[in-house]
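Undergrad: Spelled out from the first residue to the last, the chains are:
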Amino acid sequence: MASGGVEERFLDVLRRIGREDDSIEHHVLAFAGGPLEAAYREAAHAVAIGCDPETIERHLAAPYDLAHLPFERCADRLMPEIVARSAMPVVFGKGYDMGGLSRLDEGLRWRAEEAMLAACDAATFTAARLALGYDVPAGHTTILGDPADPRRLLQALQAACAAGPYWRAVDR
Amino acid sequence: MIPDVFRVIGSDRCLTAADAEAAGGAHPLTASLWEVYAQHFRCFTGATLDPQFQYLAHPATKTGVVRVRAGEVVLVVGTGPSLHAHIDALVRVRDHLRIVTSPRGAAALASHGIVPDLVLVEHQSAIHAHHTARTFGDRGLSVLARCPLVAADWRTPSALLSSVAPTDLFVPSRLPTWGLWPATAVAVALDAGASAVALLGIDFDLPTAPDPAHAPLRAVLELLAQLAAAPTFDCGAGTFERGWAAARLDEIGGARVWGRLDTEVHPAPRQSQRLREARGALAELGPILERAAALEAFALKARSHRGRWTPALEAGVEEIMRWREDRRVRVLLQESLGVSFLPRLWRIGIARSVGGALWRPLLLATHELIGQARALSWQSAEERAA
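Protein sequences appear in the order of chains A and B.
For the first sequence, my numbering begins at 128 and goes up steadily by one.
For the second sequence, my numbering begins at 248 and goes up steadily by one.
One or more of the hints may lead you astray.
As the list claims (entries may be wrong) - In silico SDA-like pairs for lysine to any residue, Cα to Cα no more than 20 angstroms straight-line:
id, chain 1, residue 1, chain 2, residue 2
1, B, Lys548, A, Val263
2, B, Lys548, A, Ala265
3, B, Lys309, B, Gln518
4, B, Lys548, A, Ala289
5, B, Lys548, A, Gly266
6, B, Lys309, B, His378
7, B, Lys548, A, Ala214
8, B, Lys548, A, Glu241
9, B, Lys309, B, Glu524
10, B, Lys548, A, Asp139
11, B, Lys309, B, Asp415
12, B, Lys548, B, Leu532
Said to hold, decoys possible - Example chain B residues on the side facing chain A (calculated, C-beta under 7 angstroms, incomplete):
id, residue
13, Arg351
14, Ala354
15, His377
16, Ala460
17, Leu592
18, Pro608
19, Leu610
20, Glu615
Hints listed in this document are in silico derivations from the structure and should not be mistaken for laboratory results.
Since the model is a prediction, treat every value here as computed from it, not as a measurement.
Ideal Cβ placement from N, Cα and C applies to all residues, glycine included.
For reference, chain B alone in the conformation it holds in the complex (with noise of 0.2 angstroms):
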C-alpha cells in the first residue's frame, strides 16, 4: 500500500509538509515527498481541478477501487517507443501480467489485438482531456468500449466515456494522483496488491542528457518505487537512476491472470447530490465571492489608470492572501470551482515591491475566480433544467 501522505500530498490539499503529516500520517519518507512536490511542481499539482466542471455530467454510477489477486504482476503501458520496441514479447507474456494503461494506450495495445485490464483515464490538464476527447471523437475510436473496465477520473470529459457500458465503468475513490497518469497508475497497481509493478512505453531520455520535461514524472515514480513495498521494474527504455531496475519482460511475469480484475465499489453520487453540492459550494463562498467581484472591479480600474492606488492594491492582495489560511476556503476553490491561479499565488507569494503593477496578480486571480463561479452557476443551472 502507498501511504496516505502521498496522496494528501499530491491532492493539493495542504501548504506544509507539517500538515500533510497531520492529515495523511507520518511517514519516513515525507520530506522526500515534499521536497519533490516543492521543487517539481511550486508544491501545487493541479491534480484535482476540474475548470470545465466535468464530474457534473460524468456518467458513472459507481465509485471504487481495484484489486489484484495474489502472485499478479501489473504492467503500466504507455505510448512511448520502447512499446513498440517490444510489442512482441508483450504479446508472448500477455497471460502473465495484468495490464493497465491510458485510452491512447489502449488504442496503441489495440493495433496489436492486446486488450488491457484496466483503462485508466486521468488527464494533466482540462484542456488535455478535451483534446484527448476531441481526437477519439474524430477518429472515430471506440477503443474503450472493448475494455473490461475503465477507471476514470471525475474531471474526465462524458464525451471520451460516451462508448464506455456502465458495467465496466467506475471511478477510481481516493485516487493517489499527482496529476500524472503513469505514476497514479503504479500508485493504484500498488494500492490493489499487485506483486510486482513494470512499465513499459514510459521512456526518459539518459539521465546523462535529461529533458527537464520529463523530470517531475521521472522524480515521482521513483519516490512510488521508495514508497512501494513490492518490487519495480522498467522493461522500456530502462533509463531510471533509482528505483527501477531494469528488466526484460519474460523475467517479469507473475501468476496466469484470467477474468476480470476485481473491484470494490459502491454507489457513486447521483448527479441529483453533485449539483447539489455545487450550489452549495457556491453558497459558502458567498462572502468570498462577493469580495473578489469588489477586487476585480478594483484591479479592473487599476489597469486602466497605471500607477495610482498602490496602497489600495496593497490591501486588496493581502486579502486574497489571507484566504489561503481558510481550509474549507482553500479546498472550495480549488476543488469545487476549478480555480488555479489564486492557490498557486498562495504559494508563490506576492512581492509588494511590484508596487503598481500589483493590479496584475490581484486582477489573474479574480479574474479567474469570478468567471469560474459564473460558469458553476450557469452550467449547474444547465444541467438541473435537463
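With the rest of the complex left out, here is chain A (with noise of 0.2 angstroms):
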C-alpha cells in the first residue's frame, strides 16, 4: 500500500467504481501496509494485510464471485494458489508495472507474465499501447483508459464472472 505507484491507481479506480455501483463489495487483500491503508479501509468494505499460507486460504475459501490481481507481482504471488484450488474466476489486471514498463522500453519478456495472461479468465490494460506488446487471445482484453473507465473494469469482470459454465453463482 505505498504511495505513487500502482496502488495509487488502484485504490482511485476502486472508488470510482463504489461511485458507480454501490452493490459491489470489494474486499482488498494486500501483502503489505503502507501509507494507503488508511485510504483503502475507507475505499473497501475490508482490507486484509498479509501474505502468509493461512491469510491466502482464508481469502480462497471464501465465496467470492471474482478475484481481480491488479498487477503482475500478486498475480504471481496468487494466480497459481488461486487456479489450483478455485473455480473463481480470475481477472489479471496489466499496468505499467515493471514487467509492463519492461517489456515496452526494453523489449524483456517475462514468459511467466505471458503463462499468467493466458491462463486468467480476463485481462485488462490500462492503455492500447501496452496491451500491443503482449499476444493475448482476442475476447480476452478489455483497454480501460488511463485514467482507468470504471464501466469498463465493471464490465470486464462481470464478463469474467459469466463466462465460463464451470461457474457457479454464489448465493450471499
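With the hints as a guide, dock the two chains, each given alone in a separate frame, to form the complex.
TA: This is how it looks when you write it as C-alpha cells:
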C-alpha cells in the first residue's frame, strides 16, 4: 500500500467503481501495509494485510465471485494458488508495472507473465499501447484507458464472472 | 559453518524434509528449517530460477568462496534507515569490520566514502535484477568498479557487471541461499569463518507491529542465528525477537582488517560449456517438452470451449503432477529452464474439484514451460552464433 505507484491508481479505480455501483462489495488483500492503508480501508468493505499461507487460505475459502489481481507481483504470488484450488474467475490487470515497462521499453519478455495472461479468465490493460506488446487472445482483453474507466472495468469483471459454465454463482 | 541442509532446502531440490536431510545431512534444526520453508515460502524459494538465462552470458571466469581471517567480524549492510543513522559510527570503526553489501548498498556507502570488502549480487527475481541493471545503467553508476570483490550469482544480468574487472569478479559456488540477499550474505559470512556477524540497515518494523512483507527475511535470519557457531548482532534498529542481540557498532569491532578478502576460486565453466549444458538439458527434456506442448494445445482448446472435457483435463493435470516424482526432471525444469509455476503447483497440489476450470492450472504450467524451452533454444542458438 505504498503511495505513488500502482496501488495509488488502483485505489482511485476502487473509489470510482464504488460510486458507479454501490451493490458491489470489495474485499482487498494487500501483502504489506503502507501510507495508503487508511484510504483503502475507507474505500473497500474489508481490508486484510498479509501474505502468509493462513491469510491466503482464508481468502481462497471465502465465497468471492471473482478475484481481481491488479498487477504482476500479486498475480505471480496468487494466481497459482487460486487456479489450483478454486474455480473462482480471475481477472489479471496489466498496467505500467515493472514487467510492463520493461517489456515495452526494453523488450524484456517475462514468460511467466505471458503464462498468467493466457491462464486468467480475462485481462485488462490500462492502455492499448501496452496491450499491443503482448500476445493476448481475442475477446479476452479490455482496454481501460488512463485513468481507468470504471464502467469498462466493471463490464470486464462481470463478463469474466459470466463467461465460464464451470462457474457457479454464490448466493450471498 | 552453516549446515548443508540449509543450502539444500533453499535450492528447492527437495520435496520433503526427509529428502533434504538425505541430501544435506541430518541436523537437529531441520524440522525448524522446513517449517519456515513451508510457512513463509510455500516450500519454494525460487532462488535457483534464471528465467532470462543470464548464466549463458555471465562474464565471470572464476567461481569460488571467500575466507575471513581469524578474529575478523563481518558487517552485512543494507540501505534501511539505520544505515544513515549510524553512518558516522561506521566510518569510525570501518577498519575493524569486513563489510558485505548489495549493489545498492555499495552505492549508498560510496556517498560516505566507504568501499565495502565484498558486494554480493543476488536478486529475488529476474524482474528485480533487470530493474537494478537498468537503474545502474540509467544513472551511470560505476560503483561496482571500485569494489575490490564482487560475488555475482549466475542469474545476474551481464550489463550490471560490465564495469567490474575480471580479476574482481567471481560466481559464488554452492551459494547458501533462500533468495533473500541479506540472509545469503550472513550465510556466506558464517561459511567464510567470521568470528561474529552483525547487521546494519537491515531494518524491520517492531515485533509488536510487524509488516508481513518482512516476515520471510526475518524468519530466515533468525534461523541463521540459531545455526551460527559465531555470535550475531543487530547494530541497526534492533527489532529482532530472537538470535540477533542489539549492539552498537563500536562494541562489535574485531581484529583490524587489511587488504582484500581471501578467496578460494577455480575456473568457472566457459560460456561454450554452459551452452552445451543448456542444449543437453533441452535434449534430455525432449519427451517432457513434447507432452507439454500437446497439453498446452489442449488447454488452449478447453479455454475456448469451457465446460467440456473435464476427464481429459484431469488426466492432463495428473500427468504434469506426476513429473514431480522424477528428481532429474524437477532439477532440469527449475534450474535449466527457469520454470516457476509447475514447481509451485507440485507443492500446492491441484484440486480435482476445480472441474472444468482445470484448463487454467494446466495452461499456466505448460504455457510457461514451453515458452521457456523455446526461449532457451533460441537464446542458446544466438549465444552460439555470437
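Undergrad: If a hint holds in the structure, say so; if it does not, say that too.
TA: The hints, checked one at a time:
Restraint check for Lys548/B and Val263/A: the C-alpha separation of about 15 angstroms stays at or below 20 angstroms, so the hint holds. For the proposed pair Lys548/B and Ala265/A, the alpha carbon gap of about 14 angstroms is at most 20 angstroms, so the pair holds. Of the pairs offered as hints, the one joining Lys309/B and Gln518/B holds, with about 12 angstroms between alpha carbons and a cut-off of 20 angstroms not exceeded. As the CA atoms of Lys548/B and Ala289/A are separated by approximately 19 angstroms, the hinted pair is consistent with the 20 angstroms bound.
For the hint pairing Lys548/B with Gly266/A, the CA-to-CA distance comes to about 14 angstroms; that is within 20 angstroms, so the pair holds. For the suggested pair Lys309/B and His378/B, the alpha carbons sit about 25 angstroms apart, so the restraint of at most 20 angstroms is broken. Restraint check: the Cα-Cα separation between Lys548/B and Ala214/A comes to about 18 angstroms, which is no more than 20 angstroms; the hinted pair holds. Between Lys548/B and Glu241/A the CA atoms are separated by roughly 17 angstroms; this keeps the pair inside 20 angstroms, and the hint holds.
A distance of roughly 18 angstroms separates the Cα atoms of Lys309/B and Glu524/B; the hinted pair therefore holds under the 20 angstroms criterion. Restraint check: the Cα-Cα separation between Lys548/B and Asp139/A comes to about 37 angstroms, which exceeds 20 angstroms; the hinted pair is violated. For a cut-off of 20 angstroms, the pair hint linking Lys309/B to Asp415/B stands: about 10 angstroms separates their Cα positions. Annotation: proposed proximity of Lys548/B to Leu532/B is violated, straight-line Cα distance about 24 angstroms (limit 20 angstroms).
Here the hint on Arg351/B is broken, as its CB sits about 16 angstroms from the closest CB of chain A, past 7 angstroms. The beta carbon of Ala354/B comes no nearer than 19 angstroms to any beta carbon in chain A, farther than 7 angstroms, and the hint placing it at the interface is violated. Interface hint status for His377/B: upheld, as the beta-carbon distance to the closest one in chain A is roughly 6 angstroms, under 7 angstroms. Because the closest C-beta pair between Ala460/B and chain A is about 4 angstroms apart, less than 7 angstroms, the hint holds.
A hinted interface residue such as Leu592/B counts as satisfied when its beta carbon comes closer than 7 angstroms to some beta carbon of chain A; here the least separation is about 6 angstroms, so the hint holds. Evaluation of the Pro608/B hint against chain A yields a held restraint, the C-beta minimum of about 5 angstroms falling below 7 angstroms. Contact between Leu610/B and chain A, as hinted, is supported at the beta carbon level, the nearest pair being about 4 angstroms apart and thus within 7 angstroms. Given the 7 angstroms rule on beta carbons, the hint for Glu615/B holds: about 4 angstroms separates it from the nearest Cβ of chain A.
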